[in-house]
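Visitor: Keeping the supplied structure of chain A fixed, place chain B upon it in accordance with the hints.
These protein sequence lines are chains A and B, in that order.
With numbering that gives the first Met the number 0, letter number 249 in the first sequence gets 248, and the count goes up by one each step, no holes.
With numbering that gives the first Met the number 0, letter number 26 in the second sequence gets 25, and the count goes up by one each step, no holes.
No wet-lab data here; the hints were simulated from the structure.
Quick reminder that beta carbons are idealized off the backbone N, C-alpha and C, glycines included.
Accuracy of the hints is not assured; some may be wrong.
Claimed, not checked - Among the chain A residues that face chain B by a calculated CB cut under 7 Å, a handful are: (1) P25; (2) A28; (3) F150; (4) S151; (5) D214; (6) G215; (7) R216.
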Amino acid sequence: MEVSLIGTGSYLPNCPISNEQLVQFPSNALPLIKLKTGVEARYHVSVGQHTSDIAVAACKNCLEKTAFDPSSIDALICATSTPDRLIPATATKIANAIGAANAFAFDVNSVCSGGLIAVVIGRGLILSGAASNVMVVAADTYSRILDPLGFSTMPYFGDGAGSLLLSSSGGFGKIGNGVFHSDGSGYNVITVKAGASEIPAHKLEDKRDAYFTMDGRSVFEFATSKVPAVIEELFAENSISKDDVAQVILHQANVNIIDKIAIDLGIDRNLFFVNLNKCGNTACASVIIALDEYCSLATMPKKGKIILSSFGGGLTWGALAIDLNG
Amino acid sequence: MEDYLNGIIEILKELYPQSRDIHISANTKFYEISGMDSMSIIDFQIALAEKFGKKCNDVQPMMEMSIGEFADLLSSL
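If we strip away everything but chain A, and leave its shape as in the complex, we get (with noise of 0.2 Å):
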């Protein structure tokens, strides 16, 4: 059996906020973000907008350019690490929304990876016999947890939701074999640790800790070191070769990254997709946004492989490729 993809979907919030609209920063820095990020802009939530109707939206665009009947969705998994709330699963809230009334619903969190992961879980139920049609939506608010006078990383986030439906016939690409791994030991490294178990809401004594912080020079050396790694043990695993590469859509976290990876892959740099200048980084839903925009375009050729590459809290990391079968 194999497992195909029959369409993708994406939104970005209706409130784009350039880096000239960052007035709570010095004028002088705003420059710095551009410069050492790649980002320019990027979309934030409405008030009273949260994940769930970010991934709504994302869901339905795919349905609707897919004309699926959501009734015949047998798995809806929602990557996140920005729910309404801490229980019960957004993704029962979406799943009820777009009216998937016969999907089982549930969350994943893997923080940046989550998409990815999701992806190969939703793989798996159709693999196993589980499930016919999973729809995977990742969506995340990050605008809703970062400190607004962070500097090291509210300019860094937008929000957004993307969406595609994997299915056991059909498509015009197959999903391959994944490869992930996680590393505890960098498990301070991306976090908000406040909220939890760990320090409840009623508990919360620094405010500081509601908010989302990430050393960004270790999350930068950890990129460029493990995601080279990760794409050659997917190539060897997979059979691939670089001259197959029709496309590579990384996590899209920082263009000095892309650009690094690039280099040490020695893949063109041409063939890596690119759109965190206008959206910032989504978080989880950043490589399946960039997946849909690239999957939009009258130039994505029939055959080839894309290669997407995730990284992110935990740590964890990852990729996975999709064979467009023409």
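Guide: Same frame as chain A, now just chain B:
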């Protein structure tokens, strides 16, 4: 200069808890502060401005600079 040096060390220990266990002196370079990078150094600059006034925004700390060198620059403003 001493006031600036002590204030800088206090801010660094506050912003970068990973550095609390290391001895930070005038000779310590910014790149030796665990958790500091070319983006988070701006958070440090913002905290400096809150403590010592907006004139701190006129001097950009660089990762290769020592804390003592930067304190000297501030005291010359």
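Visitor: Now tell me, hint by hint, if it's right for this structure.
Guide: Now the hints, each set against the structure:
A distance limit of 7 Å between C-beta atoms decides the matter here; for A:P25 the minimum to chain B is near 5 Å, and the interface restraint holds. For A:A28, the shortest C-beta to C-beta distance to chain B is roughly 5 Å, which falls under 7 Å, so the interface hint holds. Interface hint status for A:F150: upheld, as the beta-carbon distance to the closest one in chain B is roughly 4 Å, under 7 Å. For the restraint placing A:S151 at the interface with chain B, the shortest Cβ-Cβ distance is roughly 3 Å, inside the 7 Å limit, so the hint holds.
Among the interface hints, the one on A:D214 holds; its C-beta lies about 5 Å from the nearest C-beta in chain B, closer than the 7 Å criterion. The closest approach between the C-beta of A:G215 and any C-beta of chain B is roughly 4 Å, which is under the 7 Å cut-off, so the hint is satisfied. Here the hint on A:R216 is kept, as its CB sits about 4 Å from the closest CB of chain B, short of 7 Å.
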